[in-house]
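Undergrad: Sequence:
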Amino acid sequence: MKKTILIPTDFTIQSLNILKTFLNQNPNNHYNIVLVHGLNIGDSIRDLLFFSKNKQIQELANEAFIEAFEVIKNKFDSQINSLKIDFFTGSNQAAFNNFIEGYQINQIINSNYQLTFSTRKSFDFTRYFNKAKVEITTIEITNHVNIPEKGNLAEVFFNQISVG
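Everything in the sequence shown is counted per numbering that gives the first Met the number 0, starting at 0 for the first residue and increasing by one.
No lab work stands behind these hints: they were computed from the structure.
Errors might be hidden in some of the hints.
[Unchecked claim] Distance condition first, Cα-Cα at most 25 angstroms in a straight line; then the derived BS3-like pairs of lysine-lysine: (1) Lys-83 <-> Lys-52; (2) Lys-1 <-> Lys-83; (3) Lys-1 <-> Lys-132; (4) Lys-132 <-> Lys-2; (5) Lys-83 <-> Lys-54; (6) Lys-1 <-> Lys-74; (7) Lys-83 <-> Lys-120; (8) Lys-132 <-> Lys-83; (9) Lys-83 <-> Lys-72; (10) Lys-1 <-> Lys-72; (11) Lys-2 <-> Lys-130; (12) Lys-2 <-> Lys-83; (13) Lys-1 <-> Lys-130; (14) Lys-2 <-> Lys-74; (15) Lys-72 <-> Lys-52; (16) Lys-54 <-> Lys-72; (17) Lys-19 <-> Lys-83; (18) Lys-83 <-> Lys-130; (19) Lys-2 <-> Lys-19; (20) Lys-52 <-> Lys-120; (21) Lys-74 <-> Lys-19; (22) Lys-72 <-> Lys-19; (23) Lys-130 <-> Lys-120; (24) Lys-1 <-> Lys-19; (25) Lys-54 <-> Lys-120; (26) Lys-2 <-> Lys-72.
[As the list claims (entries may be wrong)] Pairwise CB distance ranges, derived in the manner of DEER restraints: (27) Ser-77 <-> Asp-123: 30 to 36 angstroms; (28) Asn-105 <-> Lys-72: 19 to 25 angstroms; (29) Arg-45 <-> Asn-129: 31 to 37 angstroms.
Bear in mind that the values here come from a model prediction, so they are computed numbers and not experimental data.
Every residue, glycine too, gets a C-beta built ideally from N, C-alpha and C.
Let's have the full structure, built from the sequences with the hints guiding it.
TA: Structure follows, in structure tokens:
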């Protein structure tokens, strides 16, 4: 069965751990996955004309995130039909519902992880999840292992996460 899932990201390895855990717990399904980041791109003509999704991803994603993204993509290749990063740029529930409909999202994977933002343009769009008419799965994150390389690629392999 193919499903399209949405996972919020702040371009940290911790947000990728949510994806990794979800895929580990659902090994027999195939997914189209959209990692989504809330971004206010402004409303001036200049901002809208010169907005580049690829440039924005390069600014927000660090090297460790990109490495971990590729590791997960390769490790779970048999489960992943597509893995995309996109931005939610809306400012209300109707815009979020249109985003969900446009991507044909079947399920939202949320967690107790508090998103952290490295730019003032970023915003937390998870407040729109509860009113969306799609299945929501919550993954609880607990860190049981002391990781000397905190924030690095090692987190993808050592964090303990459970579904709630």
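Undergrad: Hints first: check each against the structure and report whether it holds.
TA: Checked hints:
{"no.": "1", "hint": "Lys-83 <-> Lys-52", "result": "holds (12 angstroms)"}
{"no.": "2", "hint": "Lys-1 <-> Lys-83", "result": "holds (15 angstroms)"}
{"no.": "3", "hint": "Lys-1 <-> Lys-132", "result": "holds (18 angstroms)"}
{"no.": "4", "hint": "Lys-132 <-> Lys-2", "result": "holds (15 angstroms)"}
{"no.": "5", "hint": "Lys-83 <-> Lys-54", "result": "holds (15 angstroms)"}
{"no.": "6", "hint": "Lys-1 <-> Lys-74", "result": "holds (18 angstroms)"}
{"no.": "7", "hint": "Lys-83 <-> Lys-120", "result": "holds (20 angstroms)"}
{"no.": "8", "hint": "Lys-132 <-> Lys-83", "result": "holds (22 angstroms)"}
{"no.": "9", "hint": "Lys-83 <-> Lys-72", "result": "holds (10 angstroms)"}
{"no.": "10", "hint": "Lys-1 <-> Lys-72", "result": "holds (17 angstroms)"}
{"no.": "11", "hint": "Lys-2 <-> Lys-130", "result": "holds (20 angstroms)"}
{"no.": "12", "hint": "Lys-2 <-> Lys-83", "result": "holds (14 angstroms)"}
{"no.": "13", "hint": "Lys-1 <-> Lys-130", "result": "holds (23 angstroms)"}
{"no.": "14", "hint": "Lys-2 <-> Lys-74", "result": "holds (19 angstroms)"}
{"no.": "15", "hint": "Lys-72 <-> Lys-52", "result": "holds (20 angstroms)"}
{"no.": "16", "hint": "Lys-54 <-> Lys-72", "result": "holds (21 angstroms)"}
{"no.": "17", "hint": "Lys-19 <-> Lys-83", "result": "holds (15 angstroms)"}
{"no.": "18", "hint": "Lys-83 <-> Lys-130", "result": "holds (24 angstroms)"}
{"no.": "19", "hint": "Lys-2 <-> Lys-19", "result": "holds (16 angstroms)"}
{"no.": "20", "hint": "Lys-52 <-> Lys-120", "result": "holds (14 angstroms)"}
{"no.": "21", "hint": "Lys-74 <-> Lys-19", "result": "holds (9 angstroms)"}
{"no.": "22", "hint": "Lys-72 <-> Lys-19", "result": "holds (9 angstroms)"}
{"no.": "23", "hint": "Lys-130 <-> Lys-120", "result": "holds (24 angstroms)"}
{"no.": "24", "hint": "Lys-1 <-> Lys-19", "result": "holds (17 angstroms)"}
{"no.": "25", "hint": "Lys-54 <-> Lys-120", "result": "holds (14 angstroms)"}
{"no.": "26", "hint": "Lys-2 <-> Lys-72", "result": "holds (16 angstroms)"}
{"no.": "27", "hint": "Ser-77 <-> Asp-123: 30 to 36 angstroms", "result": "holds (32 angstroms)"}
{"no.": "28", "hint": "Asn-105 <-> Lys-72: 19 to 25 angstroms", "result": "holds (20 angstroms)"}
{"no.": "29", "hint": "Arg-45 <-> Asn-129: 31 to 37 angstroms", "result": "holds (35 angstroms)"}
Taken one by one, the earlier hints all hold for this structure without exception.
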